[in-house]
Amino acid sequence: MMSGNEAVARAAWESGLALASAYPGTPSTEILEELTQYPDLNAQWAVNEKVALEVAIGAAVAGSRSLAAMKQVGVNVAADPLMSQSLAGVVGGLVLVVADDVGLSSSQNEQDTRFWGRFAHIPVMEPADAQEAFEMTKAAFDLSEKFETIVILRLTTRVCHVKSLVTVGERRPPNSEGGFTYDPNRWVLVPSTAKRRLPLQAEREKALKAESESSPLNVVEQGSDKRVGFVTSGPGYLHVKESFPDAPVLKLGLSHPAPFEIIRAFAGTVERLVVVEETEKLLETELKAEGIGCTGKDILPSNGELAPEILIPAIAKFLGEPVPVRKLAHDSSLVFPRPPTMCVGCPHLGVYYTLSKLRRQVTISGDIGCYTLGALHPWKALDTTTCMGASLTMALGLDKGRLPKDADKSVVAVIGDSTFLHMGIQGLLNLVYNKGNATVLILDNQTVGMTGGQDHPGTGKDAYGMPAPKVDFIKLIEALGVKPERIHKINPYMMPVLFKTLKDEMAIPEVSVIITDQPCVLIEDHQRFAPYTVIEEACTGCGNCLKTGCPAILVRKRETVAKNGKDQELAFVDIDISGCTGCGLCTETCGPDAIKRMMPPTKTSKEAQAHG
Amino acid sequence: MAESAITNVLLCGIGGQGVLTASEILAEAAIAAGHDVKKTEVAGMAQRGGVVTSHLRFGPKIFSPAIPPGQADVLLAFELAEGLRWISHLKPSGIALVNTMRVIPPVVSTGLFSYPVDPLADIRASGTRMVPIDAGGIAKELGNARLVNSVMLGAVAGALPFAPDSVKECLVKRFSAKKPELGVLNAQAFEAGRAAAAAGAKAA
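Those sequence lines, one after another, are chains L and F. Position 7 (the first sequence) corresponds to 7 in my numbering; numbering is contiguous. Position 12 (the second sequence) corresponds to 12 in my numbering; numbering is contiguous.
Bound conformation, chain F alone (with noise of 0.2 Å):
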């Protein structure tokens, strides 16, 4: 077993930001794609605001669902700072999608600690390639700050093994069983962050 064969996607964000619903999503594009799947996180008090990270992994044959730090083909941060606090488990040959918007937590407003002052430049500094996205500000255009993860599917869409448009499928599926519009609102979601990704990439 090459370990080529295997892709590891690490999701990171903060509780209650879509983060597990964008990893189950990656997950059934995997599955469609014909790979095992491995997926895990730790849930629990993650969603009183803590951090949240989702660890994908797909190939042929998947045994541990961890990612190792430094072994991560796909870094997908939902917040600039856990951007930088998951970088090291991105591989140098790796790339990390982040979306530039700042959640700040009340350890950093009570004036405990300080948030990064420039953390692009710190996951610049660490020589990885990166692309920023304004998933935030995107998802707040059209008109619903909970598509970030929709918008961050699309950014991440074109760095994987399989088609961006079966992700696309999957993602209107999920939604479009709730609703038919939001099936589509999540579609221009979707599409906005893979532009917004394509355009980084070439600014890079």
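Okay, chain L solo, but in the shape it has when bound (with noise of 0.2 Å):
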């Protein structure tokens, strides 16, 4: 049983494939991880997603195999590449994976990436699940090889991370004929060349499309029940075959270019097309550009899994039948929400306890990770989160763009390790280069933390988990431009340190840079301590370490009291001890003392003692 994703990387490396680039990014981040387990290939995480195609592109050109793995938002940033390299093609089989986060379960945005497909002129393949993943990557590195050209393969939530049996076969050896050819008027992209080459990714597109029109992977089958027919591609093709069991259907498995006889045959089979497609009415416009009439967007939703709940009653309201309505068990949404939090004694905690205690003097530029989660209840401490490396790019336009009700606010930035890796280097050169006034906090937690821990060139080690050569941040951000007096590093378990070091920075009128340095509380390298427990006599109630918002405060008991007139909230808490990992922040926000270790430390190392 595999999912989708290990499913493309067993197809990839029975493809003979020779490399494999990627950054990870929720749901393709073990595309890249499964591959490291197959012999015989090189795997690597690549700072970013632009990096990651141009790493792939460079091998596909060289004459091997390649895959580079993204998620959607990442296109973007790799868009750059892949709108010019469609003009040269490759010569060894690229293909390049997207994972469409359909329904947003961790994403800024849900994009369609098959858009790119159109935009740049190159072929799209949609498997619906992990066999089909499977095989799909077989067929696109063959028809990346057989048209020299990248190849997509789209991938959704629902095919990365659904497991179902996969049959599986054997490797075929890397390409090792061939090699780089001398070929300036294709290799490189000067305005002559590319003009050259437009005819050729024109041509290319049309055997492409001759090619869908005969594709085994577009595929009709027939239906009893001819009231409606769908044309459908990805997961969507198993949600029409859950809903309607009995209807004809148009699987595309190669869905750009689409193959429009083929649709138009199969319309004339059916009383009613309908486009069954996620997430963007795509198709179903191209098909009405070619005069073939059919519906889609007009009765089904634009964003999110067009799942057999939303399907079954769209399609009867359509046919004009009664809309079978189903009474619920019970309302979930009178249960309390369990958004996702910070882990227990996370190192940025401390971080957004005392960004929320400055909260007034700042305006807090975010960035994409774990530390967007700063946004939430308790410590609401980000005004903006748009996109990786923003923070720092957006922090400069939030300090020169001021006007005057902000101008005695401070600009501070946020970012991760890996995320100032990604993109924030160029921003963080932008801002000095500029000479914006912000400080800048780099949390580095030493891995990717809210993907499950991957490394960069910040960890020390590679994507096998190897040691790598390490990124020195202090003397990297020194060569940006930062003077070393600005640069510092401090340990974020340690509040009143941290708090008058931006306070201080704050007042500085340029660019100050303070690093945060423990590890994320998931990766081998976090330490553990003895936890701690709350002396309950010595309790007040005040709720001060509530606002740390660590997971392992819980509270025992809820009083109201009226003091000086007013009723205040009094909060008497607990601590979970199997929970607690002996960080000790909660005993920097407790004035009467009453959080106590419960044992002394295990390990008497510096970290011990500073943390009491």
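Hints should not be assumed to be uniformly reliable.
When the alpha-carbon atoms are kept at most 25 Å apart in a straight line, the in silico SDA-like pairs for lysine to any residue are as follows [stated by the list, open to error]: (1) K91/F / E321/L; (2) K547/L / G16/F; (3) K380/L / F113/F; (4) K178/F / G579/L; (5) K178/F / V521/L; (6) K327/L / K178/F; (7) K409/L / E510/L.
Bear in mind the hints are in silico, worked out from the structure with no lab data behind them.
From the two separate chains plus the hints, produce the assembled complex.
Okay, here's the thing in structure tokens:
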């Protein structure tokens, strides 16, 4: 049994893959992780998606089969090489695997990667489940080599993370014939070359269209109930089969270029044609432009999954039939929400607690990663988050574009270690170069935390966990032009030091960088200490410790008391000792000194002493 | 394809409780029983203390991996309030096995929301069959809080269309591969869960 991501990795290996490069991002992350398990290929974490695609292009231009993997927002970053290399093409097969987060479980937007196929004139394949992901990965490599083009394999969350049975095969040996051919008229994309390649790109697309018309990946499944015929792709197909087992279905595996002749013929066999596509009205628009009558987004939503509970009532309504109503046992919206939160003992907790105390004096420019959770209760310590790296660039804009109302506010940018390496370096360079006034917090937890702990050039390990050169953040930041006296490295569990450094640097009208240096609690380098407990009699119910947002601190009892003629809410707390990592952050917030370590620290490291 | 030939099991809980591992073990047992199987979950931020669900479907041929609301045959809830949150996914004729352990998130401990007073009563009021299991207590008695998922697997094993022992076999195989004594311990947890479910069903 394999997930779609595992199936892609297995198929790529079987296809003779030589090199894979990716930047982690849910739901695509496991593809590269899985590829490190296979021998005889090179799997690498790239610092960002543009880099990943360009590395893969280099390998494919050299004649080897290569793969780049990313999530949907990553393609925006990789768009530059994608659009250009479409002209020059590749020699060894190159498959760009993109995982669309349909339903937005962990992304800043829900975008439809199929557009990139149209935009870049690159074919798109859309598997529906793990077995198809396996088969189409192989087909994608073959198509890529046959037409000398990058091929996009578009997955969605429901392919990446769905496990089903997969039948596997053997590895084909990697390409060994050929190699790089000197041909500046192809590989050097100056305007004259690009102009010469444009007609070739158009010819290729025409040939791909013919390929699509005859592709075994585009299949008609006959059905007995011809009132509605469905044109669909990806997991949409499974939803259709589940909802309407008797309906005729045209399933598009090679969905771009679309096989209009097949679709036209299919339309002639059914009463009405409905396009079921996740997420945008893309194929439907193309069909209408081709004069093929159909409906789709008029009756179906343009975001989220098109699951049976969406499809069944929509089609019933479309056919003028009674819409089935299902009475649910309980209204789940009545149960409190359980949003993701930072972990017990997370090194970011102290940073956000500190920022929340300075809330009125700062505008906080945020970034993508675990620390985006700092926008949530109880810290509420982020003002903006747009995309990876935007914390630093937007901080410059927030500084230079400020209006009188914000004259007294400092600008603070918060970014993580992997994120800084992904897109932050340029932003910091730009901030210094343009004489911005912002304090930059680099929360270095020595891993890519949000996606589950991958490595990057700051961790000293490669994708295989083997030792790798480790970037020196302080030297790097200095080289970007930040003055040495404006760079600080701080233990984020020592909040008074953090608070003072932050206040001091906010007051200085130039770029400062504060690096926090404690590891993510989910990685091996993290060290736990003896847990803390609350002395019940000493707890005054002030609730300060709750403001750290540590999930191990629980309310034991609430009380309302009258103080100075006002009602005051008290919350007496307990600590969940099984969760507590002994970081001691909460002790620094406790006025009455009611939080004590349960036993002497097992290790007398500097850390433990520092945490008291 | 008759709908009754397909079994839908919805597992729910919180990141870190072993929901996904339990789901994988049930999937293995279903494969061993000769079924086509699909299993899906939304991972990602779930590991940051959020809600985790795993949809497991098996039968002669499975298309969609997700279980629509009101279509689960079995709900296996690893946490009390999560049991209430997902009870709507259960068929009226389905059965819910609910761990009575409460896990309080920061939004509740900081006073933003309140935890339901009596989720068990609310679940009962929905009219579905429900068996409460003190999986947290049982796991602690066996000396390891992380055994909750094996206790819950024992509890659910009797409600599936294949022999409970085949689930136990998959469970033991998985943990014995790491350490033989882990296999023994998890088998104990499994049996304790099975007994608790049998006793709970009688009481209900």
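To see whether the hints hold, each was checked on the structure:
1. A hinted pair counts as satisfied when its Cα atoms are at most 25 Å apart, and K91/F with E321/L qualifies at roughly 24 Å.
2. The straight-line distance between the Cα atoms of K547/L and G16/F is roughly 23 Å, inside the 25 Å bound, and the hint therefore holds.
3. About 16 Å separates the Cα atoms of K380/L and F113/F, which keeps this hinted pair within 25 Å; it holds.
4. In summary, the hint linking K178/F to G579/L is supported, as the alpha carbons are separated by about 24 Å, within the 25 Å threshold.
5. Between K178/F and V521/L the alpha-carbon distance is near 23 Å, which keeps this suggested pair within the 25 Å criterion.
6. The hinted pair formed by K327/L and K178/F fails the criterion: a straight-line CA distance of about 45 Å is larger than 25 Å.
7. In summary, the hint linking K409/L to E510/L is supported, as the alpha carbons are separated by about 14 Å, within the 25 Å threshold.
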